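> Residue numbers (my numbering), protein chains in the order written: chain A, 1 to 379; chain B, 1001 to 1379; chain C, 2001 to 2379; chain D, 3001 to 3379.
Some clues are possibly wrong.
Once the Cα atoms are required to be at most 27 Å apart in a straight line, the calculated DSSO-like pairs of lysine-lysine come out as [what the hints assert, rightly or not]:
hint, chain 1, residue 1, chain 2, residue 2
1, C, Lys2246, D, Lys3370
2, C, Lys2051, C, Lys2153
3, C, Lys2127, B, Lys1004
4, B, Lys1153, A, Lys369
5, A, Lys181, B, Lys1004
6, D, Lys3370, A, Lys51
7, A, Lys159, B, Lys1369
Quick caveat, the hints were computed from the structure, so don't treat them as lab data.
The structure displayed is predicted, hence computed values, not measured ones.
There are 4 protein chains.
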Amino acid sequence: MAKKIRLGILGGGGDSLIGVLHRVAAHINDNYEIVGAVFNPDHEKSIDFAKEIDIPTNRIYKDFDTLVEEEMKLPAEERIQVCSILTPNFLHFPMAKKLLDHGFHVICEKPMTTTYEEAKILEEAHKKAGVVFALTHTYTGYPMVRQMREMIKAGELGKIHKVDARYYQGWINPVIHDPAKRASVWRLDPKKAGISSCMGDIGVHAFNMIEYTTGIKIKSLLADFNYLYDDNQMDVDGTVLIRAGKHVKGVIRSSQVATGEENGLAIRIYGEKAALVWEQEKPNYLYRLSDDEPIQIYKPGNAYNSKLSLDGTKLPAGHPEGIFDAMANIYLGVARAIRKQDYNSGEFPTMTDGVRGLNFIEATVESNKKGNVWVDLDE
Amino acid sequence: MAKKIRLGILGGGGDSLIGVLHRVAAHINDNYEIVGAVFNPDHEKSIDFAKEIDIPTNRIYKDFDTLVEEEMKLPAEERIQVCSILTPNFLHFPMAKKLLDHGFHVICEKPMTTTYEEAKILEEAHKKAGVVFALTHTYTGYPMVRQMREMIKAGELGKIHKVDARYYQGWINPVIHDPAKRASVWRLDPKKAGISSCMGDIGVHAFNMIEYTTGIKIKSLLADFNYLYDDNQMDVDGTVLIRAGKHVKGVIRSSQVATGEENGLAIRIYGEKAALVWEQEKPNYLYRLSDDEPIQIYKPGNAYNSKLSLDGTKLPAGHPEGIFDAMANIYLGVARAIRKQDYNSGEFPTMTDGVRGLNFIEATVESNKKGNVWVDLDE
Amino acid sequence: MAKKIRLGILGGGGDSLIGVLHRVAAHINDNYEIVGAVFNPDHEKSIDFAKEIDIPTNRIYKDFDTLVEEEMKLPAEERIQVCSILTPNFLHFPMAKKLLDHGFHVICEKPMTTTYEEAKILEEAHKKAGVVFALTHTYTGYPMVRQMREMIKAGELGKIHKVDARYYQGWINPVIHDPAKRASVWRLDPKKAGISSCMGDIGVHAFNMIEYTTGIKIKSLLADFNYLYDDNQMDVDGTVLIRAGKHVKGVIRSSQVATGEENGLAIRIYGEKAALVWEQEKPNYLYRLSDDEPIQIYKPGNAYNSKLSLDGTKLPAGHPEGIFDAMANIYLGVARAIRKQDYNSGEFPTMTDGVRGLNFIEATVESNKKGNVWVDLDE
Amino acid sequence: MAKKIRLGILGGGGDSLIGVLHRVAAHINDNYEIVGAVFNPDHEKSIDFAKEIDIPTNRIYKDFDTLVEEEMKLPAEERIQVCSILTPNFLHFPMAKKLLDHGFHVICEKPMTTTYEEAKILEEAHKKAGVVFALTHTYTGYPMVRQMREMIKAGELGKIHKVDARYYQGWINPVIHDPAKRASVWRLDPKKAGISSCMGDIGVHAFNMIEYTTGIKIKSLLADFNYLYDDNQMDVDGTVLIRAGKHVKGVIRSSQVATGEENGLAIRIYGEKAALVWEQEKPNYLYRLSDDEPIQIYKPGNAYNSKLSLDGTKLPAGHPEGIFDAMANIYLGVARAIRKQDYNSGEFPTMTDGVRGLNFIEATVESNKKGNVWVDLDE
């Protein structure tokens, strides 16, 4: 391994949960060193946070533009190599765009942008930049999700004819039934959260999980949202019929009012020869069903797993891996990509996933708005 | 308990699995005696089967019409009181109609009829007859399904805003991919199996499970079917968006090509206050989720269960109950209804469930055919 | 199938749970007809119960001796063929002995006798009688338990080196902590319940499960009991170290004060080549572990199962089987044995299991009493 | 938070799995900085490894003694504050002893020492030193294990009367059946691995888990080991009867030849009022059983959990935590203890656990050797 990769962090200060997740993930494989950051729009808070996590404060900049400006003045071998964008959603696009334009590698939280249009602009910028762009669809980093991807790629399921993905959470349930409370949640305010709550925040994960694991491209969809109250303007629940071919169909189910559900992402993939079933909350168990054999349970770290899956497991079988491990595997993939200058290793979600995701979100909103009609995704 | 109820059986001879299920269920609570039957269209085979299960052959009739004719000649206290209809689907309607018209109680396998029109005719006949009509949606007989129904009725979930039911099987997968095989399966032949395979056979169970447990009436639906091959005329998979009110929505997912799935009926019901989750293949575990408490698992036979649930459990907690127990509970409910002359005890699915079911099946076919449009169910 | 087998029932009247279990099991495969009985020591109650379950009362005898006497007067082709003994434990031995001596087949609840000495006397009587003797270790009737037995017999696990069986219940917990209550439970009164509560009632099931599934004979044991209170004279919990060879060891754990446990019988069998794990409360899932393959889950009714396992499943895969099915399979085996006059078919536990069981129970009591020393079982 | 704690690492270089685990854990909460190390007895390899993980090489010492000597020359505010001992077992004692004698805080892998005698010497040294000594019984760091501890401490189970802990692994199974292979495994060589394999390596974890969660002290034990082959000198499997009072009993089961098991640590604790059940491979699910309520499942990150449990969870409920999180919580506890100079916070296993563990290991060996007799543990 070469020297540690110089990492910059945008956002993620204070009590930010996503901040913890990214920092831990960056550390897990000893690949990164945080050298610069804008943790907070308030410079003082940013500095304080740097002290709290005990990193040097000299490159804690007052704002994003200053970070770019000052870093560009540094010699390439000292400059931040990759920036992680953990800011509020509307800042993802301008920050990512500017970073790409200046030749930084980018790790970006999802949603990649707030509109599909921005996503396509970013895609163009990325094509020119020739750098890594990684989108943190964290769940793709689990060893058993990678195992799914590799088994399907190897043809073990045969032709796939049905997919069924679910992402059920319940966290909005305690607030939505009270008019005052629901009016005060930023996630339910279109001005702050964009055009979609449920699809934009979690439905898109289910969509990505299908495309990441199967390699299938969804061609069209029909969505029906639930707002629960007339005065609520944001989808808090929705079901999406999907088609990936004339005879390849499926469904994406997503909810933020699925009472009592915590982080219920799950996927079932049915092919001619076999099926795979996986749930995020029990990430170390992958079920393989078939017509005539006993059900099989794959677990991480066993020699029967694929190379990509094993690569993401650091301890012997039976030592549970969690969400930090999943994100760490994405950071590991990015580190390798940067070092090998191979930007399409398949080890992490990329710009393409981001563009597809925004296309998906906008298409579901359009379908629902037009009365649940079929809407095509772009190729 | 009074004398055993005199039971007649139509169909269910030879190796019939449904025959075993009904006979066992009838015996389990010592309520019924089989006194007459037409087990098979071939009279000789019918007689042989009676001998095989060692019941008297004197009332094994050559055909259904003879059964009705001869039984009507008997004094009321000797006559068959209730007939179980286990024949091929297209015979359900004429048999049930004639039995009702002659004042017999009826236990009928699903689908109740092959068309919604027939179902409505039967409903009229039933209104005039003043007898028990039970439809064997077997799964409603499980103690934990009854527990769901009672908990919801008691308001423990509050207002329900989302339902999600699934019925995934895989048994058509091994045949459908071979043109010769798929052409030879009776279930995929519209002439033999009616207008729908997947919705008619199992989707309707999921539909019934929602209405039975929640008391909600589904108002409209939008369905998308998958036929897998151009030359296959029957749905083998489908997803149905459902609405039971402006803000009460859900989905029914059903498949016969869900590779490797055996009998995967499952339901998730989300209300303001709590949620319930149940799976048919693990019928003795009912999960209750809520915003702020640990998940709770209800198991049969415990004193914390409702009266209706406990009524269906015969042994102490921890002795697993299976599908025979579920069907036996339906037969038990029918026996009580006959004895008490209380025909709407809520202990078993009735004519109303049958009519609703046919309405559902035809509506899904219509919605799919018209290009996935919303179709209303009748009130 | 020939005519139904003529079944006599001893005990099991009124609200008896074991009575329900046996009657249902006898009915499930259409093999038996109850023709005679002494349901209750009170003749009137016995007659009333016969009326309640609507069977003829002419052969409901006033007591057991009369039953034997009167039945022996009947011609062989009318006489009771097999008697099920469901009476209190201390009656098992005299009834079974007399029935065997008179040439009746016997189905006997466990424990077979109250002492090992009685068990050996009964064994001698059985050898002379040349009839079926079945001991209802019900759990051996589950399809997946039979599958274990067949897989092990076929060598799929290789040489077995470790076994671990558990039977945890909690039903005595609510009473034992109150001196008055614990003094009033018949199960804890040595005069009524014999020398052991926990080992005699459930530990012996775990012991039998090991020997039934593996074919191994346990050679010696060392037991430590827990009485919980000084004034309680009966074991309510105990752990038993077992040896079946110099390098074949294991443990049996049993408790009636395992708070909150319902009917937690479970077994883990480890062999050189693979392992099997099964739990009674989830009887339709058998887990196979190995060094280098994914975990496999066997489920009933699939073609990959053994003949004996499939024989016990009546409906397609995915239809849960419960405790009634398990007992029904034992009754089915007995029916076949009687018809084929093959009394060692391996389809149900026999006299040998009963003798071994009593040897086990007494050996655990002896070991515990002597200060946890090793006690040999007879060969 | 103050400045990062200066951490030294002994061992854990190259491909060491335990090295990864400790480094990740140290990083997770931004509390530690590795400032010095002897990763490997070969100084060059040690330096290379430092470069690989990109830390400064100036304090990578040629051996342990040099590390101590040189660090002691540094001013206190630059000196290593705490050392993690990840070396082979026989080095734990001399290293820990010397570190304590020089006033360093110590984090030590288990087994703490190779003999009970050493453990007691170390205990004395620790008493004099007035520093933190943490023993990495990693599994105690899981949020749900901490929840168990707190629930029991709060009296939610009432008086505990039975404990049952299991630690089953299968990794020695593939080698033990081949004479050549079993002779070449260091773990099975008493000269290299000490007096016990199975009890010393994993049985002691089960022992610690009981004492950590319940607060109970085990008073005496009786052990039976299995060596599988006459020429194998080390226990690869064993069962231990335990007593913590006249009426408080239990069992510890441990195996390295439990074919196909990965890392099967599990515990069941039964008290008068309720019971708790937990399994290491599904660490985020804690089951609470009781006499009369539904089973409850506790999951991390929910407000109903105890303070200590919640303290160990960094992301919202539903984001799975794994083994890294568990170890990170131990490191977090140590960091706090160092900063607060409160060395008995109860947030991590301590010297006392280490001493108890060695006492346990030696007692099991003694009991087995003497023919399975009861052996008392020291108070």
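> Please go over all the hints and tell whether each is borne out by the structure.
Do the hints match the structure? See the list:
Restraint check for C/Lys2246 and D/Lys3370: satisfied, since their Cα atoms lie roughly 16 Å apart, inside the 27 Å limit. Restraint check for C/Lys2051 and C/Lys2153: not satisfied, since their Cα atoms lie roughly 46 Å apart, outside the 27 Å limit. The hinted pair formed by C/Lys2127 and B/Lys1004 fails the criterion: a straight-line CA distance of about 41 Å is larger than 27 Å. Proximity of B/Lys1153 to A/Lys369 is assessed by CA-CA distance (about 34 Å); at most 27 Å being required, the pair is judged violated.
A C-alpha spacing of about 60 Å is found between A/Lys181 and B/Lys1004, which places the hinted pair above 27 Å, so the restraint is violated. Pair hint D/Lys3370 plus A/Lys51 does not hold up; C-alpha atoms about 59 Å apart against a cutoff of 27 Å. Straight-line distance between C-alpha atoms of A/Lys159 and B/Lys1369 comes to about 26 Å, which keeps the hinted pair within the 27 Å bound.
Consistency note: the structure conflicts with the earlier hints numbered 2, 3, 4, 5 and 6.
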